Amino acid sequence: METKVFCPKCGAEVKISKHEHVVSNAVVIGKDSNLGNVFLQLEDDRKARLEARGIDTSKYFSISSPKGEDVLMKWNDNGMPEKVADDDPVIVAIKKAGNVPNRRLFRRHVTGQMFAALSSEAYGYHKGGFTEWMKWHGFHYTWKMTLEEFRVQAVLYQKDAENFFMRNRWFSKENTAIAMCEDYLDQLRNYVDRREVHKCKRVPYKKIGSRNVFLSDIESKVFLPLKKALYQVRQASTPQELYYAMRNFYHVMPLKSSRFKQCYEWQDSFKGSGAYFTMRNLIMFHGANYVGCNGYDESLRKLDEYAKDCYGYEMLGALKEMIRQNGINIEAKRAEWRK
Amino acid sequence: MELQELERKVESGARFRISFENRTLNINGKKVDFEDSIEPEFSFEKLENLYRRYKHSMPGERDNVRKSYFVALKEEDLDDEDVLYGERRQISKFRLEFYVLCAIVSGALKWDENWGNWFWQSESDKSLVILRSWIEP
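If you're matching them up, the sequences are chains A and B in order.
Counting with the numbering used here, you get residues 22 to 360 for the letters of the first sequence.
Counting with the numbering used here, you get residues 6 to 142 for the letters of the second sequence.
The set of hints was computed from the structure by calculation and includes no laboratory data.
Do not rely on the hints blindly, as some may be mistaken.
As the list claims (entries may be wrong) - Stretches of chain A that chain B covers, calculated by requiring three or more beta carbons in the stretch to come under 8 angstroms of a beta carbon on chain B: (1) 130 to 137; (2) 215 to 227.
To be verified - A partial selection of chain B residues facing chain A, derived with a Cβ cut-off under 10 angstroms: (3) G18; (4) I23; (5) S24; (6) I43; (7) E44; (8) S48; (9) F49; (10) R67; (11) L89; (12) G91; (13) E92.
Quick caveat: nothing in here was measured; it's all calculated off a predicted structure.
Using N, Cα and C, we set each Cβ at its ideal position, and we do this for glycine too.
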C-alpha cells in the first residue's frame with residue numbers, strides 16, 4: 022500500500038522520499054513505508070489560549086449539522102449533549118476576553134504602516150503627513166501592491182468569503198483595476214507625445230523606454246498590446262481572471278517610469294483600505310470605539326455601515342477623528358517605544 | 006558627512022552597506038566618508054539599547070534579502086506594540102551597525118581577552134553577539 026502524506030488544512034499532498042530510510046536520530050518515511058494515507062497533525066493552540074485565560078473547555082465539542090454548519094455543543098450535568106446557548110458563561114467569558122488575534126488574518130501590519138504614515142516627518146521633497154508618505158512610494162509600488170492584493174483576493178474568494186468582500190470593497194475591478202490601466206494609458210500617451218523625434222535613415226522614430234520605435238509603429242507596437250490587455254481586464258469575471266489580466270497588463274507595459282504619477286483612484290482605495298483595517302484592528306484588539314459609538318459591537322457595525330458608501334479620503338478622515346477621540350497619541354507612543 | 010544627514014538618507018530609502026571587517030560605509034553603492042560623525046565614546050548599555058530597538062523593529066522587504074550582522078525577530082514574533090509603534094528595521098539596523106562601526110574605527114571598542122577567543126555575548130540578551138573577527142579581522 023503506497024504511503025501518502027496530506028496537509029490537513031488544504032488537502033495538498035506533501036512530497037516525500039521514495040524509500041524509507043534511517044537517519045541519525047529518526048526514521049524518515051517513504052512511499053514504501055506501507056502506512057496508507059497520513060494526515061499531518063496541526064498544532065491547534067486555541068484550546069491552550071482559552072484555558073490560559075481561565076476558560077474551561079473540557080465539556081465543549083462541535084458537530085456538523087446536516088446543512089454542513091458547525092454547531093457548538095456541550096455535555097450537561099445529566100451527561101446528555103445539548104446545544105450551547107449564547108448566554109452560556111463560557112461564551113460570555115470568551116466574548117469578554119476579547120478576540121483571539123490571528124496576525125496573518127487581521128492585517129496588523131496595515132495598522133503599523135498607517136501609524137508610521139500618519140506620523141511621518143518632512144525631509145527634502147517630502148512634506149510630511151500621510152499623503153506625502155503615500156506619494157513618496159512612487160509608481161512602481163502602486164502596481165506591485167495592487168497585483169499582490171488581487172492575488173490574495175483570488176485565494177480568499179475560494180476560501181474565505183467574508184475577508185474577500187472586506188478587501189474587495191476597496192480594491193476591485195470597477196473602482197481600481199480599470200482606472201489604473203486607463204490612467205497608465207493616458208500618462209503613456211502624454212509621455213510619448215512629448216518625446217523628441219529622431220531619424221534613422223530619414224525615417225522618424227521615438228525612444229520609448231529602452232526601445233526605439235518608428236512613429237508609424239507606435240500605435241500597433243506600443244498602444245495596441247496595452248489596449249488588448251485592458252480589454253481582458255474589463256472582461257474578467259472572477260478574481261482569478263482579474264489577477265491574471267492585471268498581471269498581463271503589467272508585463273506588457275513598455276515603460277514603468279518613476280516619473281509617472283500614482284493613479285487617483287488607487288490613492289483613494291489605498292487610503293480607504295488602510296483606514297478601514299486600522300479602525301477594525303483598533304476596535305477589535307485595542308479597545309477603541311468608533312466615532313460617536315460606545316462599545317465593540319456598535320463600533321464595528323457603524324464602521325461597516327460608513328464604509329459602504331464613502332470614499333477613501335473620507336475613511337482616512339474618520340480614522341484621524343477616531344484616533345483623536347480615543348486619545349491615541351501616536352508620536353508619544355513611538356517615543357516611549359524608543360526608550 | 007554628519008550622522009543626522011546619514012540617518013535622513015537612510016530614512017528616505019537610501020540603500021546602505023556597512024562592513025566591519027573593511028571599516029567602510031556605502032550609501033547607494035558609493036563609499037561615504039563618515040569621520041565627522043564618529044563618537045569617541047562607547048558604552049555597552051547604549052549598544053544593548055540600540056540592539057533591543059533593532060530586534061523589535063518592523064521588517065520591510067529589504068530585510069528578507071540581505072544578510073545582517075545582528076539577529077532580529079521575525080514579523081510574526083513581534084508584539085502588537087512593536088508593529089504599531091516600532092521603527093523600521095532598516096533605520097534601526099543602520100543606527101546599530103553604524104554605532105559599532107564608529108566604535109571599532111575610533112578604537113573605543115577593543116577586544117578584551119577576558120571575553121574569550123571568538124565572541125562577546127551580552128548578559129542581558131543572549132542573541133546580541135559581537136564576533137572577534139569584526140574587531141580584529
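Checked hints:
1. 130 to 137: holds (count 5)
2. 215 to 227: Answer violated; 0 residues pass the 8 angstroms Cβ test.
3. G18: The hint holds - G18(B) has a Cβ within 10 angstroms of chain A, the shortest such distance being about 8 angstroms.
4. I23: Not OK, violated: I23(B) not within 10 angstroms of chain A, min 21 angstroms.
5. S24: Since chain A brings no Cβ nearer than about 27 angstroms to S24(B), farther than 10 angstroms, the hint is violated.
6. I43: violated, 23 angstroms
7. E44: violated, 18 angstroms
8. S48: With a minimum Cβ separation of about 16 angstroms from chain A (threshold 10 angstroms), the hint on S48(B) is violated.
9. F49: violated, 17 angstroms
10. R67: violated, 14 angstroms
11. L89: holds, 5 angstroms
12. G91: holds, 6 angstroms
13. E92: holds, 7 angstroms
In this structure, the hints that do not hold are numbers 2, 4, 5, 6, 7, 8, 9 and 10, in rising order.
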